[in-house]
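There are 2 protein chains.
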Amino acid sequence: MGDRNYKQDIVIDYSNVMSSAVGSDHGLLQSELEGLHPRASAIHKWLAGLKKDKKVGFFDLHETDTRPIKKYAAKVRERYENMVVLGIGGSALGTIAVNNAVNHSLSNLLPKRKRNGYPRLFVADNIDPDQFGELLHTLDPKKTLFNVISKSGTTAETMSQFMIVYDMLNKKLKGKWKKKVVITTDAKKGLLREMVKEHKLDSFEVPANVGGRFSVFSAVGLLPLACAGVDIDALLKGSARMAERTAADDIMKNPAYLFSSILYLADIAKRKPMVVMMPYSSKLYGIADWFRQLWAESLGKRYSRDGKEVYTGQTPIKALGATDQHSQVQLYVEGPFDKVTVFLEVEKFKTAMGIPEVYKDKPELAYLAGSSLNDLIRVEMLGTQYALTTHNRPNFSIKLPELNEYVLGQLVYLLELSTAFSGGLYNIDPFDQPGVEFGKDFAYAMMGREGYAGLKAEIQDKMKNIPRRITQ
Amino acid sequence: MGDRNYKQDIVIDYSNVMSSAVGSDHGLLQSELEGLHPRASAIHKWLAGLKKDKKVGFFDLHETDTRPIKKYAAKVRERYENMVVLGIGGSALGTIAVNNAVNHSLSNLLPKRKRNGYPRLFVADNIDPDQFGELLHTLDPKKTLFNVISKSGTTAETMSQFMIVYDMLNKKLKGKWKKKVVITTDAKKGLLREMVKEHKLDSFEVPANVGGRFSVFSAVGLLPLACAGVDIDALLKGSARMAERTAADDIMKNPAYLFSSILYLADIAKRKPMVVMMPYSSKLYGIADWFRQLWAESLGKRYSRDGKEVYTGQTPIKALGATDQHSQVQLYVEGPFDKVTVFLEVEKFKTAMGIPEVYKDKPELAYLAGSSLNDLIRVEMLGTQYALTTHNRPNFSIKLPELNEYVLGQLVYLLELSTAFSGGLYNIDPFDQPGVEFGKDFAYAMMGREGYAGLKAEIQDKMKNIPRRITQ
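Line by line, the protein sequences give chains A and B.
Residues in the first sequence are numbered consecutively from 1, following my numbering.
Residues in the second sequence are numbered consecutively from 1, following my numbering.
No wet-lab data here; the hints were simulated from the structure.
Beta carbons: idealized from backbone N, C-alpha and C, even for Gly.
Hints may contain errors.
[Unchecked claim] Restricting the straight-line Cα-Cα distance to at most 30 Å, the calculated cross-link-like pairs of lysine-lysine (DSSO-like) are: (1) A/K114 <-> B/K143; (2) B/K360 <-> A/K189; (3) B/K174 <-> A/K360; (4) A/K197 <-> B/K360; (5) A/K399 <-> A/K253; (6) A/K362 <-> B/K440; (7) A/K174 <-> B/K350; (8) A/K112 <-> B/K360; (9) A/K112 <-> A/K172; (10) A/K178 <-> B/K360; (11) A/K143 <-> B/K350; (12) B/K464 <-> A/K270; (13) A/K172 <-> B/K112; (14) A/K172 <-> B/K360.
[To be verified] Stretch-level coverage of chain A by chain B, calculated; a stretch enters the list once three of its residues show a Cβ under 8 Å from a Cβ in chain B: (15) 334 to 347; (16) 364 to 372.
My request is simple: use the sequences and hints to build the entire structure.
Below, the structure is given as structure tokens:
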């Protein structure tokens, strides 16, 4: 971590979601927020029970023992040029998000010494044949470590990639292929764990009570991040700090509960079915993508916890400042009143990029000369906030003192806890994903997996009944 | 272009947006589509007038003379290791989209000969000081060509970048800096054109009647794309082919008008304020991002063409198959009925990635052994389409025979024309962006530009009146 300052706390500025800023049709009253207090207390107890009974594990991930991970990462640093994560969804998004936030944006183009000797990190989170083929053809398999990540050990995308990589390594390196693979999966169950035993592969564990989208602070994220030179202890310290700050049930004092409550009221009481997360920092764009999974998969549910059809879920949208001022902001400012925007604001960038005192004779540029990109991006953010606010569009801001591991650890835990709490507000189970299983079964059936012939016939029958309409 | 087959046409399969597939609450009737015919004829005439009178130029960009661009690109190929675009929004998104779709996904990591000698392409479309600093520190300025793109010549982000680059080059290379810069701007007006004349810089033109978000087939996109080895003639041939296929006003025969009409009816008649564009191809993700600008900035409008307050605009959302099945699809299948999804489907990938016949003894993997990533990604897409359809979520598909320039040229023109036509359906001006100007003025005022002191005082006064609410 660049600046080892464990005093930096994230704060939330929610001035612009209140009626006093955006009017009562779209803004919140203090009384509306406080009206959630009784429910917040009940949800707080429910979550505390899940934590205490070890039913939900992400609450405690900052207690992960990082020593074996760091030891392994030190070996990887010595031996490899490249590390490739084979994983998708929760096995990929957190790693990408934190790596992008902390490391050099062109890290993989730098010579190894400029990465402090750490290998290049690639995350193969799709099965696009062109893209995956290009990745495998670009890297030297002898100098590459593959980290296969699947909690269940059956994820079709990841296992297909693994089968291809296994076969390639086996053909090129014979028995030595085993040294090129490290597995992250359940401690006891599943096919990948079987393979670890069968082939004596290196491995790490995903705790049974940690779901994919909440797993970045388990070995799922910590191993590749440590291998990429990220200070994982500082990440966990940040997470612990946010856990400490969110220990009480008072919405007005608990930043995670406040975050949830604002978005819940915006959705339910103010008809904002969309939440835009808009970092003013290219390096935080991955966090918005990671948040998309957390929010969508946790809260997009057909049934409530008591079995009623509810069809809940606010749609998370990622946008990037300042770039999307030239793309999305026109719609956000002038379009329908159907969004609430969360800004991620970096208060101090690592680099000061001054704009030199040139072209001072040109009135179109004189106001920029002598300023800096740091000032400009800040003013542009304030401009977007001002435009939204004066057009009655609620928006608020998570302020990050710096982009470092300690601050990111706080942010990650804040958003995870908010998501769990929102599950309580919507009265749905934030930890399952029944709609995803449906698609998996379809793939099994159509790929001819044993035992799925009946489902295949049923699907084909249903598809036949839809009249085809195709242009020309 | 890999496979030079000028017979491949894009088709649209819209079976799953119809009532017969998703029910009448969410699906369309043939009669609803046909009910738009009279309006379609009127809009068609309006657009034909704009084209004929040269008020709107994107219709004719496939007639761009590519010879000077190709000649210039050939020189660049000989002389440079890197090309950096300094541009934002419409000056960046189209280039990124087409380059990603056509070129190797790790192109910048390859040795030059594996890129057929073309330079590496970087697009600097943000002013994040860390990211921009890292880019400048990574590239050798002697081996780098900077393409500064701004139609107006005043875009704050791009001009700040240019001032920094100019100063750096000037200090390192003295007078030779002029050879490291090529400008793309208006033919006559604006500060960048003045600088071209003053310093005798190389330059290309943006036609005055082509707006930023419609400009990828002008020199704005064609120059950097040609420098990155893209076959720009094939792109324009594809665009011309789509223009030919969309020459008539019959919605049922004109793929662009059909695309617009489906989304318009989904929004207005079936209450779907969001359109998800979901390519099943990592390389097409940039197209979804480019489309986001086109759709949001063109259709997100406060006022109708006759001056009424309308607050229109369907929110475009990008998603990526198969990756987002592990992130967004849960919400799309089980959440609120508030979306229509457009799939981008690649019928034939360049690479065949077979899954080897390994682990056939494991029932969890046997169904994959001997198959391919190509089959798997296709089946997963069908699975998502099936899940959406059986859960009454309208969706349709643009089928691309292959990922090559000719097909991409068609796709780009299809989406541009659809956007213009949608402007007609919503009765707003799809070619302006008044909400963006608001933010620009804010930035000018707060950065202290001459003549904006009054506005600055006004802004500060308004901001003072919003009570601040900040956690801890």
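Hints and how they fare:
Between A/K114 and B/K143 the alpha-carbon distance is near 20 Å, which keeps this suggested pair within the 30 Å criterion. For a cut-off of 30 Å, the pair hint linking B/K360 to A/K189 stands: about 19 Å separates their Cα positions. Distance check on the hinted pair: B/K174 and A/K360 sit about 19 Å apart at the alpha-carbon level, within 30 Å; holds. Between A/K197 and B/K360 the CA atoms are separated by roughly 18 Å; this keeps the pair inside 30 Å, and the hint holds.
Annotation: proposed proximity of A/K399 to A/K253 holds, straight-line Cα distance about 16 Å (limit 30 Å). A distance of roughly 18 Å separates the Cα atoms of A/K362 and B/K440; the hinted pair therefore holds under the 30 Å criterion. At most 30 Å may separate the alpha-carbon atoms for a hinted pair to count; A/K174 and B/K350 meet this at roughly 29 Å. Of the supplied pair hints, the one linking A/K112 and B/K360 is violated, its CA atoms being roughly 40 Å apart against a limit of 30 Å.
About 25 Å separates the Cα atoms of A/K112 and A/K172, which keeps this hinted pair within 30 Å; it holds. For the hint linking A/K178 to B/K360, the alpha-carbon distance of about 19 Å falls within 30 Å, and the restraint holds. Using a Cα cut-off of 30 Å, the hinted pair A/K143 and B/K350 holds, with the two alpha carbons roughly 27 Å apart. Taken as a hint, the B/K464 and A/K270 pair is honoured in the structure, with Cα atoms around 25 Å apart against an allowance of 30 Å.
The suggested pairing of A/K172 with B/K112 holds, with an alpha-carbon distance near 26 Å, which does not exceed 30 Å. Under the criterion of a C-alpha separation no larger than 30 Å, the hint pairing A/K172 with B/K360 is consistent with the structure, at around 21 Å. Restraint check on the stretch 334 to 347 of chain A versus chain B: 6 residues with Cβ-Cβ distances below 8 Å, three needed, restraint holds. With 8 residues having a Cβ less than 8 Å from any Cβ of chain B, the stretch 364 to 372 of chain A passes the three-residue criterion, so the hint holds.
When the structure is compared with the earlier hints, a violation turns up for hint 8 alone.
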